[in-house]
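Generate the whole structure from the sequences, applying the supplied hints.
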Amino acid sequence: MFEGRRLLVAFWVASTPLLRGQSLERGPASSDTLAEPTRLRMRADSLLREWRRANTVADVVDSIDRARAWAASETMSVGSLRIVANPSPLPLHDAAARVWRVLDSLYGDEARHFERRPLFVVAVDPDTTVARPVVRGGLMVTWDLDADTLALLLLANLHPLDVDPALVAWLGGSLRPTVHPERQRARVYVELVTTPWAVARDCFLQNLEHCGLALDLTRLDESPESWLQNPAERRVVVSRFLSSLSRGAQARAFHDCTNNNDSACVVFLRSIPREAVPRPLTSEARKTLVDVALQLGGRDAYHRLVANPDSPMAARLAKAAGVRIDSVIARWRAVIVASRPASVALPPWGLWIAITWTVCFAACALRSSRWRVN
Amino acid sequence: MFQVLLYTQWKWSRLIVTVGTVAGFALPIVSVQGAAGAARNPLETGALLAAVQSWGALYPVLAAALGLLVAIATWAPDHRGRHVYALALPLPRWRYVLLRFGAGLSLLAAPALAVLAGALLATASATMPPGIQGYPVSLAVRFALAVVVGYAVFFAVSSGTQRTAGAILGVIGLLIIVHIIGGVAGVDLDVVGRLQGIVLGWPGPLGIFSGRWMLLDV
Amino acid sequence: MARELRPWCGGVLLACGVIGLAYLPPRGVTPTRQRGMQAPQPSAARQRAQALALQWRAADRSAQLAEYRQRLRQEIAQHRATGRPGPLLHLGGLDAVPPASRQLLQAALDTVWHQLGLGVSKISVVVVIDWKGATTSTDGPGESAGVVYMFPDSTDRGTCMTLIPGGLWPRRLLAPEIANDARFDWFTLRLEWLRNGLGPCAFYAAYGTPGEPVRRWLAARQYDLARSPDWNASGGDRPLGWPLRSPATETWHWNAVYSLPAAAVTCLAGRANGCRTAVLAGADRGALPSLRQLAPERRWWREERLAQSYRYLSDVAREVGPDRFLRFWNSPLPVDTALAAALRAPVGEWTVRWQRRFAPRLPLGATPPPVAVALGTMLAAIAVVVVALTASRRTVA
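Protein chains in written order, with the working numbering: chain A, -10 to 363; chain B, 0 to 217; chain C, 137 to 533.
Check the hints yourself; a few may be wrong.
[What the hints assert, rightly or not] One side of the interface only, derived from the structure: several residues of chain C facing chain A at Cβ under 7 Å:
#1 Ala181
#2 Asp196
#3 Ser198
[As the list claims (entries may be wrong)] Some chain C residues judged to face chain A by a derived CB distance under 7 Å, without partners named:
#4 Ser179
#5 Arg182
#6 Arg184
[As the list claims (entries may be wrong)] Computed footprint of chain A on chain C; a stretch qualifies when at least three of its residues, placed anywhere within it, have a C-beta under 8 Å from a C-beta of chain A:
#7 187 to 193
#8 199 to 211
Since the hints were derived computationally from the structure, they do not count as laboratory data. The beta carbon of each residue, even a glycine, is placed where N, CA and C say it ideally should be.
Pasting the structure below:
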């Protein structure tokens, strides 16, 4: 009888139509209530077994597809960077060399971990009438890209080395190679000069202690009000950026703070999560600080930076750089100040272009019949 | 008198009208190429409607262009001749203006009829997926209305003196400059965007040009 | 003039003829390849595995529900015998439920029950929350299934069960410390989650087992019109939003609009016959076996047959009142007759008015808005009149 029931279940499973997205359990009008859960559970288990078989087959098919797709590919090695690509006119070696230089300067010896993370690149014909291969996984690029653009694309698609959550939280993201460091430093310069925060302005005016505050190198247990230097700043931050937190227990403190009660502002700031308070400088500024620390520290700098994830950030940066944190900050400030962007100036050929166009339009106007005497 | 004016207007704007007529006939037909039979690469319903919507953006452009060019062609000879001929006619001037307007409008009937013919042919020959129907008559009527509105507006602008045209251009230029200065100074003064919304949006006077011009739809 | 016109007319006709011959009938279009990287298409074997995973999730949920009903048989009987108002709440799964979360849940469920105006109901409602976690089985396919309902049937005519999956979201909703996160109104979110979890069971509790025609109709449509019981809600209607429309920019998302069935699109465009078709779809099916369990698609927007269908019957109940709705719900008459009688209006017309409450009319075809036509024509007339008036002042300089 048990065998008969299994046969019945098997027959039912085989004849059940394929359902998409939803299921209707249209059972018989009367059924043995005690057997129903068993019946349904047997059906579910049977489907699970069927799914496991199908999943295994699908995994095999996918791996065969992948192997077939990459069968004609070649593996290129530049340093520890591995790129698997099909033969094509793409300037892959040049681009890979540029990428490797950037990775090596950032990660030092740790860049050897990229050996285990090959990049898969599929170069395709830029002619859109040519059918493109179906490839599962990999970066598809047209082979008319130049080396610079390709290098940027590879850098953007490279998975950076994993870092600890504390560093990610402080940095505002993972530690990725900087593509245009000089532009980034110029933006940080503008940020320092134009910031509304007193602590960041003091940093620009050579107050290194305030640079540390602006770069969020304070201890985790310190309240964020340490980087809000005066009552006006505290009130502005609370009223403009933190109004969404003014409910429940914090509502009273918020209200008092916006009515010029500085003690209430301090109470409010201490009662909310630290990460809810906007920081004086952006993550770009902190990234430039990391870059300076790594440059000061040499090849092993990155390894020292990630070695002790539990240490305070200031200590980690100092250890990475191999000097005291004051020296790192001083060096950072000097680098940023030296990166002042060029002011808007007339390019040398601008004047000639303007004169040429003026003459052109003047000639067209003088050709008008209005000026011609018959 | 109307016949004479019509003839002169035809001479000045025949090229514009014939090209516009052919374009108006072709546009509906080209827009439904995706509604082919099963053996001929038909587009799926969603892609077909997207293609019709994309082509539909050209109807208001064509209507505005026809209105502008015919209006310019209407008044250009008079401006060149300093209106001597027009003022010498034994007609009240307001009647002369209305006859000019009517002549231009008569010529613009050709492109509107061409759009209607093209739309009817296109919807008759298209293989429409289930649930989709054609709107040839409403499309042609809307095109005709858009042509009339565009022609009337440009007719008024073109008829003005150079001082009037200069004043209008000056006002438009001033609005653009104010918009740019506001942007540079960081002031929230979206003059161009707001005007665009008021004039082209609903219920603006030029709202007939905006929106979707769908020859095929659900 | 006529002689001069002939070559031009001939030229135009010739050009139009060439275009017609070249492009009619339509020749088809090769779809353009998508720019940029395309998502890889799964293989046929992978698609089969995914389809089996979907079936297994639904079957697993059904089995779980049946197991719970068997296990809770005595509790259900006791709950019914004591005449306690409110649904029976059961927290299933292996993980321990914090007492504070349990309290929050019970309080929220009682609030929802009270808001729906329900007391002791003829049909008992059992709410089972699977607290175990995001997945029902550690060795099965990932991705959790949605809510599953078990309706009264011949074996148990007095119980409607709903199995709500656990996971991160319910745990977050029921975490006691969540009240300190003032960014969201967690209380309202909790009530909405529970209300949607009750779904059609709330209708059963309020109005009893529906009449045969209504039951067949709703079963054919997977109860899509009765997913959100909110007939006592106050305040205005929320405007139509994602995925069909952006209320902020007042633009329609046409891809999403065209993914609806044609009847739903024409209903949005204000056509009463389209609305009638969209609402009454499924009412003409023949006799079906009773629908005992329902596992709705989690991505409900993919299966909508009418925009905002999940609130349709709630809004009908709110508008017509409990008595008229009860008569409709239990009516032996065909659905269109019973619904029209309850609404005291043709179904299509009422539905058009209902949709106008939260969405403007969808513009279909090429017809411009009448106001735009009137204003444009007025502008044209003004322009011509201005020219005619100013022409009289023109002089030869």
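Against the structure, the hints come out as follows:
1. Ala181: Check passed: Cβ of Ala181 of chain C comes within 4 Å of chain A, closer than 7 Å.
2. Asp196: holds, 4 Å
3. Ser198: Because about 5 Å separates Ser198 of chain C from the closest Cβ in chain A, which is inside the 7 Å limit, the hint holds.
4. Ser179: Holds: closest Cβ of chain A sits about 5 Å from Ser179 of chain C, inside 7 Å.
5. Arg182: Holds: closest Cβ of chain A sits about 4 Å from Arg182 of chain C, inside 7 Å.
6. Arg184: holds, 5 Å
7. 187 to 193: holds (count 6)
8. 199 to 211: Satisfied; 5 residues make the cut.
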